[in-house]
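Construct the entire structure; sequences and hints are all you get.
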Amino acid sequence: HLLEHHLRLGFQVDIYDKDGSGRQAFSRLRKQGRVAYFPRFVQTHFGGNLGRAEAASNKEPSAGCSAGMQEIHCLFRHRGRSRWVAPRLDPDEFFFIPWRQGATIMSELSKLEREGVRHVLVPSLEFGGLAAGNENHSVGERFLFSSGVFNPQWTVLSDPLHTMSSHLHSARPRPGYSASELYSMEGDRLRVNHYLHMFGRRHV
1 HLLEHHLRLG FQVDIYDKDG SGRQAFSRLR KQGRVAYFPR FVQTHFGGNL
51 GRAEAASNKE PSAGCSAGMQ EIHCLFRHRG RSRWVAPRLD PDEFFFIPWR
101 QGATIMSELS KLEREGVRHV LVPSLEFGGL AAGNENHSVG ERFLFSSGVF
151 NPQWTVLSDP LHTMSSHLHS ARPRPGYSAS ELYSMEGDRL RVNHYLHMFG
201 RRHV
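Numbering (my numbering), first residue to last: 1 to 204.
I should point out that these hints are in silico values taken from the structure, not numbers from a laboratory.
Keep in mind that a hint or two might mislead.
Claimed, not checked - Quick list of the computed label-pair ranges, beta carbon to beta carbon: (1) Leu50 / Gly140: 33 to 41 angstroms; (2) Asp90 / Pro152: 16 to 24 angstroms; (3) Val149 / Trp99: 20 to 28 angstroms; (4) Ser180 / Thr104: 23 to 31 angstroms; (5) Ser138 / Met164: 15 to 23 angstroms; (6) Ala36 / Leu161: 16 to 24 angstroms; (7) Ala53 / Ser82: 29 to 37 angstroms; (8) Ile72 / Gly148: 33 to 41 angstroms; (9) Ile72 / Gln153: 17 to 25 angstroms.
These figures come from a predicted structure and were not determined experimentally.
Each residue gets a CB set at the ideal place from its N, CA and C atoms; glycine is no exception.
Here it is in structure tokens:
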């Protein structure tokens, strides 16, 4: 549901994996024309030594270290091709636009673009509790309980032409940026719903 959800919002989706496990999802969605796939990313792009090191740490906290390589690759490959890039989403994070007539993610971002904004700091809202439905339902239908806690700067949407680097939900603007290029998004316009209960008994 994660990929389909963000495709419906208008995102181009890049899938990275370390073991070929993303191929089934890519095969299912490739006809939409807005999905790219980079299987065994570290091994393919950085060589066998790093690939083996990544595989060896598959169940260790360091397993996420390759995320930085993925984000930089995504950021640079979209320069001149995409107006906005989200550096990374974990499988329990979903962009969400609170319902308003005619509101889309591009309508919200286009308003800011006209004002010279280059980086949008997006808040998150935590969800959890017991699931209200089975896995055939979307996460929005399964996890209805929210703590009401907003994390005001959880992730960032950035113009890749104005971004020097990116790592784990953050982006570093190019040198010389001004404060007017940064915008803190209100959660009632655009946010990330963070479903903390999806992968174990973790309640908000």
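Quick rundown of the hints versus the structure:
{"no.": "1", "hint": "Leu50 / Gly140: 33 to 41 angstroms", "result": "holds (37 angstroms)"}
{"no.": "2", "hint": "Asp90 / Pro152: 16 to 24 angstroms", "result": "holds (18 angstroms)"}
{"no.": "3", "hint": "Val149 / Trp99: 20 to 28 angstroms", "result": "holds (21 angstroms)"}
{"no.": "4", "hint": "Ser180 / Thr104: 23 to 31 angstroms", "result": "holds (24 angstroms)"}
{"no.": "5", "hint": "Ser138 / Met164: 15 to 23 angstroms", "result": "violated (36 angstroms)"}
{"no.": "6", "hint": "Ala36 / Leu161: 16 to 24 angstroms", "result": "holds (19 angstroms)"}
{"no.": "7", "hint": "Ala53 / Ser82: 29 to 37 angstroms", "result": "holds (30 angstroms)"}
{"no.": "8", "hint": "Ile72 / Gly148: 33 to 41 angstroms", "result": "holds (35 angstroms)"}
{"no.": "9", "hint": "Ile72 / Gln153: 17 to 25 angstroms", "result": "holds (20 angstroms)"}
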